[in-house]
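**Q** Sequence:
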Amino acid sequence: QVQLVESGGGLVQAGGSLRLSCTASRSIFSISAMGWYRQAPGQQRELVAVATGGSSTNYADSVKGRFTISRDNAKNTLYLQMNSLKPEDTAVYYCYAHLVLQGNYWGQGTQVTVSS
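When we follow our numbering, the leftmost residue of the sequence shown carries the number 1, and every step to the right adds one.
A hint or two may mislead.
Stated by the list, open to error - Now the in silico label distances, taken between C-beta atoms and shown as ranges:
no., residue 1, residue 2, range
1, S70, P41, 22 to 30 Å
2, P87, Q3, 27 to 35 Å
3, P87, S25, 28 to 36 Å
4, S116, S25, 36 to 44 Å
5, K86, S30, 30 to 38 Å
6, L47, V100, 13 to 21 Å
7, T57, K86, 16 to 24 Å
8, T57, S7, 17 to 25 Å
9, G54, Q13, 31 to 39 Å
10, S30, P87, 33 to 41 Å
11, N104, N73, 18 to 26 Å
12, S84, R26, 29 to 37 Å
13, V100, R45, 18 to 26 Å
Hints were generated in silico from the structure; no laboratory data involved. Using N, Cα and C, we set each Cβ at its ideal position, and we do this for glycine too.
Required output: the full structure, derived from the provided sequences and hints.
**A** Take a look at the structure:
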């Protein structure tokens, strides 16, 4: 099992930046995949970015070139650097971790609001 705690959300103007953090309750070195989803009001949760234990990353087309996901295994922390933010990036952002044979674990979410 793992507990995940997100931080770093807030209110920012369009064009600004935020960095989200997701700190795990245990070592993330062996976690096969960690990533970020987001959910805007009235919309389905969508994948934003994922980072595997093998250092590969994948991004939603809507955030490519603007968002960067990274893992700091020494700090048990996953990050999402968000640049050039747009109003359509407004959502609750959720961190997740996929553990083999156990499934996905989720954080509580952090609100990101981008004003125009």
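**Q** Against the range 31 to 39 Å, how does the distance between the Cβ atoms of G54 and Q13 compare: consistent or not?
**A** 36 Å, holds
**Q** Quick one: are K86 and S30 within 30 to 38 Å, going by C-beta?
**A** 35 Å, holds
**Q** Between T57 and S7, does the beta-carbon spacing fit 17 to 25 Å?
**A** Holds, since T57 and S7 (Cβ atoms, about 21 Å apart) stay within the stated range.
**Q** Starting from the hint 27 to 35 Å, judge whether the C-beta atoms of P87 and Q3 obey it.
**A** The hint (27 to 35 Å, Cβ to Cβ) holds, given that P87 and Q3 are roughly 32 Å apart.
**Q** If you check the beta carbons of N104 and N73, does the distance land in 18 to 26 Å?
**A** 19 Å, holds
**Q** Per the hint of 36 to 44 Å, is the separation of the Cβ atoms of S116 and S25 within bounds?
**A** Since S116 and S25 have Cβ atoms about 37 Å apart, the given range 36 to 44 Å holds.
**Q** Assuming the hint says 29 to 37 Å, is it satisfied by the Cβ distance from S84 to R26 or not?
**A** 34 Å, holds
**Q** Does the Cβ pair V100, R45 satisfy 18 to 26 Å?
**A** Given a distance of about 22 Å, which is inside 18 to 26 Å, the answer is holds.
**Q** Okay, S70 versus P41 on CB: inside 22 to 30 Å?
**A** Roughly 28 Å apart at Cβ, these two residues keep to the hinted range, so it holds.
**Q** At the C-beta level, are P87 and S25 separated by a distance inside 28 to 36 Å?
**A** Holds, since P87 and S25 (Cβ atoms, about 34 Å apart) stay within the stated range.
**Q** Could one say that the CB atoms of T57 and K86 fall in the range 16 to 24 Å?
**A** 21 Å, holds
**Q** Against the range 13 to 21 Å, how does the distance between the Cβ atoms of L47 and V100 compare: consistent or not?
**A** 19 Å, holds
Checked against the numbered hints given earlier, this structure breaks none of them.
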